[in-house]
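Student: In the working numbering, the protein residues as written are 70 to 274.
Hints are computed from structural coordinates only; laboratory data are not their basis.
All clues stand as given, with none of them false.
Straight-line C-alpha distance at most 30 Å; calculated DSBU-like pairs for lysine-lysine:
hint	residue 1	residue 2
1	K188	K261
2	K261	K106
3	K106	K125
4	K188	K106
Between beta-carbon pairs, the in silico distance windows are:
hint	residue 1	residue 2	range
5	D194	T103	31 to 37 Å
6	P193	G105	22 to 28 Å
7	V112	T149	17 to 23 Å
Please read these numbers as outputs of a predicted model, since none were measured by experiment.
In this text, a Cβ means the ideal position worked out from N, Cα and C, and glycines have one as well.
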Amino acid sequence: MPNTMRGFAALVIAAALVMCARASAPRWPDVAATEGKVHVIYVANADPNGLEMTIKSPGGAPLYMLTCHNFDHVGGGDLTYSGLMQCYLFPWQRYIGQRNLLDDDTSTPSYQSRARFAKEHVLPDCSGYAEWGAVRHFWLRGMVVTLAVRNLTFSRDPDDPQTLRVETFDFEVRVQPYPGALDERAQRIAEKRPAWFDSNACPPR
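With the hints as constraints, model all of the structure from the sequences given.
Tutor: See the structure below:
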């Protein structure tokens, strides 16, 4: 077969493979952009201590439920919350025992996922760490969900003046359409999990 024919055949095969890949890719419902924000007085454990959002289609149909609370929240049913803020995302028709869609690593439990913010994660030396600090993104099902802890205020722990404690913060959620996100649950990120994320220590050691 002449080289030109081989090249043409290769292009045809490549195009067919791309079309097959597109045809087999999941088609998730379109989502409408939405956002929410809550100011948390953490040191006093005062209400409101979290937020709950419905992610809808452009036409207004409910698609997903996002619920975020800190450690002292009660009334979460079978869901438990810990840290400064912990979030769960489920399809609107959720069933008990379903895995949190924000868990991009299913080999670890939800309380060790990037959807949970601990005090150590947002201290000055760690808060700027991409995707593991104070701002995190989750790409899935045709959208990107951004979780962020902002406008933090700190004080010295009266029992240990060398230790900072969180006084107040704003917790923000933003949901935006992202057609290129095709995974069923949050896709794994390129940024490596830092050792301090699970060590309750910051600055990094």
